[in-house]
Amino acid sequence: MTATTVADRRPVSSPEARVKRWLRRIFIGIPLAALAIWTIYPMLMTLSISFKTKADVSADPGLIPANPTLDGYRSVLERDGFQSAFVNSMLVGLGTALLTVVLAVPAAYAFARFRFRGRHLLLLFTLLPRLIPALGLMVPLYRIAVTLGAIDHLLTLIVAFTGTVLPLAVWLFVGFFQQVPRELEEAANVDGASLYSRIRYIVLPLAFPAIITIGVLAFREAWNEFNLVLGLTSSPGSRTLPYELFLMTQTTGFQDNPGQAAFAIMTIIPFIFVYLRLERYVVSGLTSGALK
Amino acid sequence: MSGIDTSPPREVAGPSEPQPELPRTRRLRTLARADKSSLVGHAGATPYVLSGPSILMVTALLVFPVVYAVWVSLFDAEFIGGPQEFVGLGQYTALLGDPDFMGSVGRTLIFVTGVLVIGVPLGLVFAFALSRATGKLRFLRGITIVPYLISGIATAVIFRLILNRDFGEVNRVLGFLGIEDVAWFSDPTLAMLASMLAQVWSDLPLVILLLLGGLMTVDAELLDAADVDGATGWKRALMVSIPLIIPQLVLATILLSYQALTSLGVILALTGGGPVDATRTLPVALYEAAFVDLETNKAMAIVIVILLFNALLTLGYWLISRRFDLEEA
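Protein sequences, first through last, are from chains F and C. Residue numbering for the first sequence is 1 to 292, as defined by the working numbering. Residue numbering for the second sequence is 1 to 329, as defined by the working numbering.
Mixed in with the good hints there might be a few duds.
What the hints assert, rightly or not - These stretches of chain C come out as covered by chain F in the derived footprint (C-beta under 8 Å, 3 or more residues):
#	region
1	71-80
2	94-107
3	157-164
4	281-287
5	314-321
Said to hold, decoys possible - Here are the in silico distance ranges between beta carbons for each label pair:
#	chain 1	residue 1	chain 2	residue 2	range
6	C	117	F	153	36 to 44 Å
7	F	278	C	174	38 to 46 Å
8	C	189	F	182	58 to 66 Å
9	C	312	F	36	32 to 40 Å
10	C	319	F	69	29 to 37 Å
11	F	83	C	93	43 to 51 Å
12	C	239	F	200	52 to 60 Å
13	F	15	C	319	45 to 53 Å
Stated by the list, open to error - Computed footprint of chain C on chain F, listed as stretches where at least three residues anywhere in the stretch have a Cβ under 8 Å from a Cβ of chain C:
#	region
14	42-49
15	65-71
16	99-109
17	164-175
18	207-214
Keep in mind the hints are simulated off the structure, nothing from the lab. Quick reminder that beta carbons are idealized off the backbone N, C-alpha and C, glycines included.
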């Protein structure tokens, strides 16, 4: 029926072609809808629960809370440890991003521009993070930190995270630096610019997107990392958000669902915000980092 | 940072310095040769000063801890904090004879396999759909990555909520289909399935983007040719696209295995390894040995076992990247 009317209106496309086109649309449309639901719905439900009262979590199944409340967020903000964990996460995230960039830029410049013994270490750099994941470092670094008396210091976390992000950061920077035309530097060289000036005034401005990308990459690592925080912190006040959220799930169990939802949302939102603002820089860096 | 400050001024003159009075052609040739390898050729200490801090840092924080772990795993203490006694490979043989440990190895294999069985086909379907999404639907690509930005713990919290027995959205849908009261976290099999789902959710963006990258390079003309021959939709995808993205499929498989093998936060926060020990995989066993039972020597041996499994995957990943000559990234 529909096929005939369509064919009448558009004599060019036969009914079969029309049906085929619709079938193709459905073949693509259903998985796309499934992808959207798979990705977004769990987060939407969590957002919804975070604004519900404890009783309404099971009483009110709607996505839009019938009696919206900020109790969940209040219970998190009043929780011992949340505020310090939030500040710690920020400090450790920013510190890791900064230290990573400061160490990785000169190293990557050396790998990208100089021929020297040790250049082959770059290949090792690309393999090391795969060979030695943070999970493998959790216990040894914990014992080492205990021996050195470095447990519970934010600086320890920053240094540890920087160590795990650094190989990837160097590797990504090398790729960016190799795209900076040598001719630019050679011209500056002829004009008498020092190595420092060449990096500072030619390479770095051109590699600005790379710095943002790698900064965000390092920040994400520090913001989300759980294994190393588990190993390197032991007292309240020194932990970061994922560990604090983990402790909340252990202590409140299934009692305070809106609170846990609110906590999860509050750990997600700041990074999503950063991500949305810097998306055009970050997506390629994040994915190349992970897929490398 | 110190590397930059100490940049020796003698490099400034660059490649032309060694032969300042040479004829122009010769100088140009020297420049060209230098251009192939480096800006200033052999530059003395500079590259070492520049890369030294990073290399030291990586050695101290990635390489040394592993060596240290191997060393500690060769010892044992009779009681916590007791004197360390050299036992050689005793920790490892003890692990091999420990049913609890071997159980966790088995569960790890089940967990990794399950993540692959769920994740790879799902990622393939989503990537294929995304590769055909045009116009306004392209925004879906931006959203796809979001779960990857969320920590494993937050992912676990999200899944605790949507899989909740009483009010979880998943159980509501299942109830609608006539399947009532699914106890995700008290049934051993379902708890394992829940862990797999959360793990897949967290890592699927990587798989999708990797496969999408492969699909985008599949020649459009090839697909058109297939179209003319009467291949449409999924048939076309299966017959034409999949053989062409086998390298990406293999890499995605290894990547997912790697993430699943080293996943601690998701499982710990979702099920805590339970019920009883149903989801007690290797990482959970490591956590318990190190931080619950405080058996440091044994924990270090488990670390090494995990790293060995992981090295096998890395080796596979490396060989396959080389074999298919994949553009890294």
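Could you work out which of the previously given hints the structure breaks and list their numbers from low to high? 1, 2, 10, 15, 18
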